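J.: If you want the building blocks of each chain, they are given just below.
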Amino acid sequence: MFKVKIRSPRAFNSQGATEFNDQWPFLEKAIFEIFDGRTHQLSFEKLYNVVYGMVLRRNGAELYENVRATLRSLMIAARTGELARNDPDLLEKLVKVWEKQCESLQAVSDVMMYLDRVFCKENRQLLIFDMGLELFRDEIVKPLNGSVKRLFIENLNEVRLQRSEAKLRLLKSTVSILESLSKDDDTYYVKELEPHILTETTNYYDNFVKSHRYTPSQYLSQIRELFELENQLDTEILNKDTTVKVRNAMKDVLITKNSSFIIDQGLPAIIEAEDLESLSLLFELCEKSSDRANLLKTLSKRIIDEGSAIKVEDNLKKRAIPAIKWVLQVLRLKEKYNGILSAIGQDKLKTASSVDAAFSLLLNHHHKKTAEFLSTYIDSVLRSAEESRVPLLDEAIGIFKLLKDKDVFEKIYKQQLSKRLLQDRSQLELEKHMIEKMKQEIGASFTSKMEGMIRDLLISKGYEKKFRQDYTVPVNFKANVLTTTCWPFRNTDSFQDIQLPETLERLKLDFENFFIKSHTGRTLRWAYHLGSMDIGCQFAKDYYVISMSVYAATVLLLFETHSQLTTEEIADLTCIPSEELTRQLFSISVPPKTRILKKRPMNKNIAPTDIFTFNHDFTAATKAIKISTVFMKGDSSLQGLSSLQNPIQEAMEDRKLLIDALVVRELKVPRSIKERDLFVKVQTKLANKFELSPKLLSESLARLIDREYVQRDSEDTACYHYLP
Amino acid sequence: MSEVKLISRDQQEFTLSNEAAVLSPMLKGMISRKFAEGQEHEIRLTEISSEALRLVVNYLEYLQKYQDCAEDEDIPEFEVPTEMSLELLLAADYLNI
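Protein chains in written order, with this note's numbering: chain F, 1 to 724; chain W, 1001 to 1097.
Source of the hints: derived by calculation from the structure; they are not laboratory data. Take the hints with a grain of salt, since some may be wrong.
Restricting the straight-line Cα-Cα distance to at most 25 Å, the calculated cross-link-like pairs of lysine to aspartate or glutamate (DMTMM-like) are [as the list claims (entries may be wrong)]:
| id | chain 1 | residue 1 | chain 2 | residue 2 |
| --- | --- | --- | --- | --- |
| 1 | F | K149 | F | D206 |
| 2 | W | K1028 | F | E28 |
| 3 | F | K46 | W | E1077 |
| 4 | F | K419 | F | E512 |
| 5 | F | K251 | F | E284 |
| 6 | F | K46 | W | D1074 |
| 7 | W | K1034 | F | D206 |
Computed, partial: chain F to chain W, Cβ under 7 Å [what the hints assert, rightly or not]:
| id | residue |
| --- | --- |
| 8 | H40 |
| 9 | E45 |
| 10 | M113 |
Remember, it's a predicted structure, so these values are computed and weren't measured experimentally. Here a beta-carbon is modelled for each residue, glycine too, at the ideal position from N, C-alpha and C.
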């Protein structure tokens, strides 16, 4: 083993007095000198050495308390000497005092470094510097608290009106002083000044608003300027946190508090004026969620108000016209709001969806006939010869998207589509385009039958071509072979064959033979009521081409060989069902414009014994005439028929079946289910067709209970069980 | 002035760059505040012997040289003669190193 010799150091701090009380006056004097700005005359090392010695001799606590007392007296002296509560330049002076005190304090703290490190940390006392700050707070800031706050706000309000760099610096320094001081768990600034700034800011802007009169759009641009100015000032003076808080306070006082003015009155006025700039501003300013919600609500209400104000004209003669006009106006309204939407910079998605929701409400609840009107509008577009039909159709899809009664629309659309297709009134390309658009919106199941209808027509064109190659066709004959399931016609079984004129009868048989050859096993049924025929006819005065139904034509052609016939005879010769015949005879003999047969006696009833003759004296304004079949009042069978054809009622019946089926399907697997859950499930399944109402569901459940598919729970009435 | 003069108890003088000196908080306080030492760039350390002060000066220069090095770099050990250890410890405590 070897020993290491360690030099024992000379006892430190051996020179000078060793008694605390002897040394303290030296330190105290030094502190005074530091605060007096005479630091440069002092030897740091000597002071440090004294402190070092005191701490080593365990006089730390005593030293600490003495330093505290000295600093306190210095602070009090500074306040009473230089700072007066009602001095208008108090803030400036405070900042000066602060800067000086801080510097001195730092110097003292450096001298006391050894005390900090050894005594304060071990005894969990505040470091000298922090203790000094506390003293500054307690002895200088607290007694002047009220004046400081008042002066701060006065200065702030002044720079709000007129920018002054000096004042801004002053405010900024004041903030940073108070941020350096602590209070409770936070800074003195946060606890004392910030709340004051917020309330005073609110007051300031409240007064500002009250003392001015603006129109909503003036107001908006004015407050935007205020926001910008305030934000600029705040970022210079205040910290980020307060800046945000001030902004919120401003929103409260400038927007939320005045929301009835800027939103309830302002928004409609701005929309009225189509002042997109103000509108965008309004959305920008209404950032707070409650304001935003209010704004969107008002916007929606405005849309619904405007939409509901669109009048449906009474036009008994042409039912399509009010529908078209209405849809056009709704489209213009939508266009307007799309323009408005594009002007809004922020939160686009949410705004767009609330505009959509408003339109949806308008279309589905405020207006009952949207489905019918929309279909009629599209019908008119497709029938028109206008050049730019595609954009018009695409625009209409916008409404289709929002429409809830898609099932009703589908029914009406299919009927109108079938008419357009069979009467060759539209371009197939456009029809396809429209169907494709709807398919994109809600899927293939919605459009499959429509596509089937188009397909039938295309295939029929092929048949026609081949038929003309193989057979002699004496007239311009065109047959469309329709798949019954795709087309909106019911009761195909009740189609009765009639006795056609000979030429047509042969043509019909030829076509049947032709068709059977290539499609064994299929049956063709002739739907005469869908067909039409053009007949050229020489009357006494002129030659007219008359377009009429196949039935009417069959009747007319009888008069090639007969000079006069009674109703009964016509019925025997043609085998047209009597109700249909009555209607057809009425159409060609009663209305003066289409009276190609004379009837005796001349009245508005068709009796079995009425006698018909060819009306040689017929004249008309145009060469081509179209005779449409008249629906007669009081025709009971017809009413039955029309109720079946009424697409809305039909859709309602379909709805019941659909709901019943879905309810059973949803119940089958879980066996029992709460009505609420069931509602949600069925509703989602039906979303593409129509909007399920609780009433419809409970009606369906009542039906299913009657039919013993479903049982209500004996205890929980909102719960249902499946009965296998 | 970028250098300070450190004077030991036995009147030996050492010069040290300001940058190295401020690594001791105590020396830093001495230089950066407006105390007499800061004006004169002369610091009398009446508590520290020249042997210890030499080591202190070496150590501060060593610290300044390597303070910005990454941890994985090769930093040589700072050798302290065993017999000086206690004296140096007191000096380090005094200078708050």
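J.: With reference to the structure, classify each hint as holding or not holding.
T.: Status of the hints after comparison with the structure:
The suggested pairing of F:K149 with F:D206 holds, with an alpha-carbon distance near 19 Å, which does not exceed 25 Å. Proposed proximity of W:K1028 and F:E28 is supported: the alpha carbons are some 22 Å apart, at most 25 Å. For the hint pairing F:K46 with W:E1077, the CA-to-CA distance comes to about 33 Å; that exceeds 25 Å, so the pair is violated. Among the hinted pairs, F:K419 with F:E512 is consistent with the structure: their alpha-carbon atoms are about 24 Å apart, no more than 25 Å.
Between F:K251 and F:E284 the CA atoms are separated by roughly 11 Å; this keeps the pair inside 25 Å, and the hint holds. Between F:K46 and W:D1074, the direct Cα distance comes to roughly 40 Å. Violation of the 25 Å bound is thereby established for this hinted pair. At most 25 Å may separate the alpha-carbon atoms for a hinted pair to count; W:K1034 and F:D206 exceed this at roughly 51 Å. Hint status for F:H40: holds, given a least beta-carbon distance of 5 Å to chain W, under 7 Å.
For F:E45, the shortest C-beta to C-beta distance to chain W is roughly 6 Å, which falls under 7 Å, so the interface hint holds. The restraint placing F:M113 at the interface with chain W holds, with a minimum CB-CB distance near 6 Å, inside the 7 Å limit.
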